[in-house]
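Student: Below, each chain spelled out in residue letters.
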Amino acid sequence: MMGNEAIARGLMENGCHVATAYPGTPASEILSAVAKANKPLDTTMHVQWAVNEKVAFEIAYAGCMTGLRTAVSMKQVGLNVASDPLMSAAYMGTAGGFVIISADDPGPHSSQTEQDSRMMAMMAKIPVLDPDSPRQAKEMVGLAYTLSEAFHTPVMLRPTTRVCHSRQDVRPGAIPPLERKPDFRKDPSRWAATPKFRYQLHLELEEKLARIAAHQATEPVLRNPKAAGRRAVVSCGVAAAYTAESLKNLDLWDDLPFYQVRQPFPLHTAFVRLLLDAFDEVLILEETTGIIEMQLADRDRIKGKLNGVVPCVGELLPEKIEALLAAFAGIEAHLPSLPQAPGRRPTLCAGCPHRASFFAIKKAAPRGIYTSDIGCYTLGLNLKAVDTVLCMGAAISQAAGFYQAYKHEEKRPDIVATIGDSTFFHAGVPALVDAVVQNVRFVLVILDNRTTAMTGSQPTPATGTGASGEPLAEVDMESLVRGCGIKFLEVGDPYDTDGFISMVKGAVAFSRNEGPAVVIARHPCIIDLARQGKAADPIEVLVTEDCDGCGFCLQHFECPALVAVEDGRRTAVDPLVCNGCGVCLGVCPRGAIVKKE
Amino acid sequence: MEDKSRYQIVISGVGGQGVLFITRLLAEAAIEKGLPVFTSETHGMAQRGGTVISHLKIGEFASPLINPGRADGLIALKAESLIQHGGYLKPGGWAAVNSPERVKTDAPSTAFALDADRVARKMADPRSVNLIMLGFTLSGARRSGTGQGMLQVSLDDVQAVLNSRLKGKERRLQSSLRALAAGADSAEAP
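Same order as they appear, the protein sequences are chains A and B. Numbers 7 to 603, taken from the numbering used here, label the letters of the first sequence in order. Numbers 365 to 554, taken from the numbering used here, label the letters of the second sequence in order.
Worth double-checking, as some hints may not be accurate.
[As the list claims (entries may be wrong)] With a straight-line cut-off of 20 Å between C-alpha atoms, the simulated EDC-like cross-links for lysine to aspartate or glutamate are: (1) A:K131 <-> A:D90; (2) A:K601 <-> A:D543; (3) B:K531 <-> B:D521; (4) A:K540 <-> B:D489; (5) B:K486 <-> A:E546; (6) B:K454 <-> A:E325; (7) A:K390 <-> A:D420; (8) A:K42 <-> A:E19; (9) A:K540 <-> B:E534; (10) B:K397 <-> A:D175; (11) B:K454 <-> A:D257; (12) B:K533 <-> A:D534; (13) A:K601 <-> A:E551; (14) A:K602 <-> A:D552; (15) A:K192 <-> A:E210; (16) A:K232 <-> A:D283; (17) A:K369 <-> A:D393; (18) A:K601 <-> A:D552; (19) A:K202 <-> A:E213; (20) A:K540 <-> A:D502; (21) A:K131 <-> A:D261; (22) B:K486 <-> A:D580; (23) B:K454 <-> A:E338; (24) A:K254 <-> B:E424; (25) A:K232 <-> A:D261; (26) A:K187 <-> A:E155; (27) A:K131 <-> A:E212; (28) B:K454 <-> B:E444; (29) A:K602 <-> A:E551; (30) A:K493 <-> A:E551.
In short, the hints are calculated from the structure, not lab data.
Please model the complete structure; the sequences and the hints are all you need to start from.
Tutor: The structure is reproduced here in structure tokens:
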């Protein structure tokens, strides 16, 4: 089972009634796996992709207010979007069990930041559990529900990439039938508390935290009870798994007492006392921030992130952990490391409709400022058609910001923002409303590939299907854009290279003199099409003798199927990679890319 | 720490080549044999043509990643992966590399090369490079001197997993089995 599948299984085995999510690596497969497992069982469980993390959170939270067990999952930066309800829900507490799954990405492998969701738990003042493996992640779902119901608090489960995307043999347990009935008990002093009552709730919360810090079921575990000495190692999450292996590799298993923390916040009070009473030196290994460390008062004895012994940035790879343990124990260890070799950068797929859109945008506004957003199309970077990427939805608000900054300049640059369909629904709509109100002169190109591609093709509000493939209502994107107050709206297929370029040119001209213009670039994701068996017949292309190796196509189109050959004197098509979309036929300035007859 | 019941393999290539797919086949084949398994995968942005690496650990392990210098084997779906990830190999480890030319690793590891791109082109099935390399590796393991117990799973085990995974998808199953066999045959030829 993949870690995310194990978490999904844990939800099913523990009677979760409502599971919601917004996709994001490394958390995406959790909800997909719930939907997949639930479908044949035909239970009353509600499983849904929400328009964004805040909405997902609020749906699941209201569910737990009725006494049902519910869960919401997202990636760490998604929790930023949901942080508003999180902070408040911590005060109000819960009736049924409520688990917030926020997956972190130390490295980072596929995220804007390496932020530690456990800090968010600390800020919100809710307990957080930190699993070391798929197996433990599944167990901790059950632990989280009991903890949540024992203390009437939301509980965070914080897996990291190496837990989410590992596979391990995990034994499935029984899935009990869903028997609870919703029973919302009105209590305005809690569920609609005004500031006066919030003070009371805050007192209650602090008192809860003190009791949770003594909760036996989540206490730290001494993994090697035979080990003794005045030095100890403390670890949690996947770092604890590496620590266990490394201590054995280094023959230190019987020498260094090794405590695995399962609940890094609040750290158990008795454990803090034990560490400070029984040991002269303690090495702490955790990802990504020093959360455990922060809760230990006697700094001089602690070696960790705060005094620079353990690196604060990047993933704690097993080789780093082994070196840290060897140094802490004062032993010599020969540890080979990997040579620094550049990897291959990711790129848009051959045949990706986004590439065609970016090519058109650069033709239509060659010296523009290009704001962009989060998704596959961030890779428009490679085509130099993406200048900024901040966070979900920011393409539009940043475009507005650039416009306001340049508004009084004599030469105002064209501004073209790109955003994906799912991202537009997620956080783009309020920004577009704002841009209409302020009459921001920019072009928004909505890259509408009818799916949430980067995270594995989850449906969007315009897809008309749900998490389990069930039919749902569709939101019409054109009506939504017009409803925001947009006067210029056109829809085109970026595969139609010439037609689409002139459409974007029209939008750019409108934006110079009139106001915001929107172009919807509509072409389904080719991965989706292939998966559904709907891929178009490939157009075979070749490069003729007219190619003079100018490299224009390589630089400005950057298709992985176009490769430089003969030491860069010519370009050729790699048939193994080519998807046969035919868009490159309109790209070569010398017309050297032609259809194969 | 030599432990014959434990085995660690790195599989690498670029996004879209199916690194994850063959990792899963090997993992499932091992699980079928009752062996404990840990794997780690690359998802998200890197899957769009970037470097993709997966770690496969068979036997009693606690964590998903392999330390540099400890892997028993490396399957490289791109020749460039050997430079990038050859450092994972332990002394005496092996590498199966997709390359038109003979490849050399830092002694004392052993490298086997197969031009899987060419085999795939010949089969008119460009997406089958991963399975060709898997067949080549599994069969090469048996053929070479280092092969004894090189992988705890055999070609037959992987075929069985394919049969159950692709049940009802006859065309994909047949082309997958063909690719696996083509790789295996390439290893038999001198």
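Student: Taking the hints in turn, state whether each one holds.
Tutor: Each hint, compared with the structure:
1. A:K131 <-> A:D90: With Cα atoms ~14 Å apart, K131 of chain A and D90 of chain A stay inside 20 Å; holds.
2. A:K601 <-> A:D543: 13 Å, holds
3. B:K531 <-> B:D521: With a Cα-Cα distance of about 15 Å, the restraint between K531 of chain B and D521 of chain B holds, given a limit of 20 Å.
4. A:K540 <-> B:D489: Holds - the C-alpha atoms of D489 of chain B and K540 of chain A are around 18 Å apart, at most 20 Å.
5. B:K486 <-> A:E546: The hint holds at about 18 Å.
6. B:K454 <-> A:E325: 14 Å, holds
7. A:K390 <-> A:D420: 15 Å, holds
8. A:K42 <-> A:E19: 14 Å, holds
9. A:K540 <-> B:E534: Status holds; Cα separation ~18 Å.
10. B:K397 <-> A:D175: Within the cut-off at roughly 12 Å; holds.
11. B:K454 <-> A:D257: Cα-Cα ~19 Å, so holds.
12. B:K533 <-> A:D534: 18 Å, holds
13. A:K601 <-> A:E551: 14 Å, holds
14. A:K602 <-> A:D552: Judged against 20 Å, a Cα distance of about 15 Å means the pair holds.
15. A:K192 <-> A:E210: 19 Å, holds
16. A:K232 <-> A:D283: 19 Å, holds
17. A:K369 <-> A:D393: Within the cut-off at roughly 16 Å; holds.
18. A:K601 <-> A:D552: Roughly 14 Å separates the two Cα atoms, so the pair holds.
19. A:K202 <-> A:E213: 18 Å, holds
20. A:K540 <-> A:D502: Within the cut-off at roughly 19 Å; holds.
21. A:K131 <-> A:D261: Violated - the C-alpha atoms of D261 of chain A and K131 of chain A are around 36 Å apart, more than 20 Å.
22. B:K486 <-> A:D580: 14 Å, holds
23. B:K454 <-> A:E338: Holds - the C-alpha atoms of E338 of chain A and K454 of chain B are around 19 Å apart, at most 20 Å.
24. A:K254 <-> B:E424: Within the cut-off at roughly 12 Å; holds.
25. A:K232 <-> A:D261: Holds - the C-alpha atoms of D261 of chain A and K232 of chain A are around 8 Å apart, at most 20 Å.
26. A:K187 <-> A:E155: 16 Å, holds
27. A:K131 <-> A:E212: 8 Å, holds
28. B:K454 <-> B:E444: 19 Å, holds
29. A:K602 <-> A:E551: 13 Å, holds
30. A:K493 <-> A:E551: Violated - the C-alpha atoms of E551 of chain A and K493 of chain A are around 47 Å apart, more than 20 Å.
Hint check: violations occur at hints 21 and 30; the rest are consistent with the structure.
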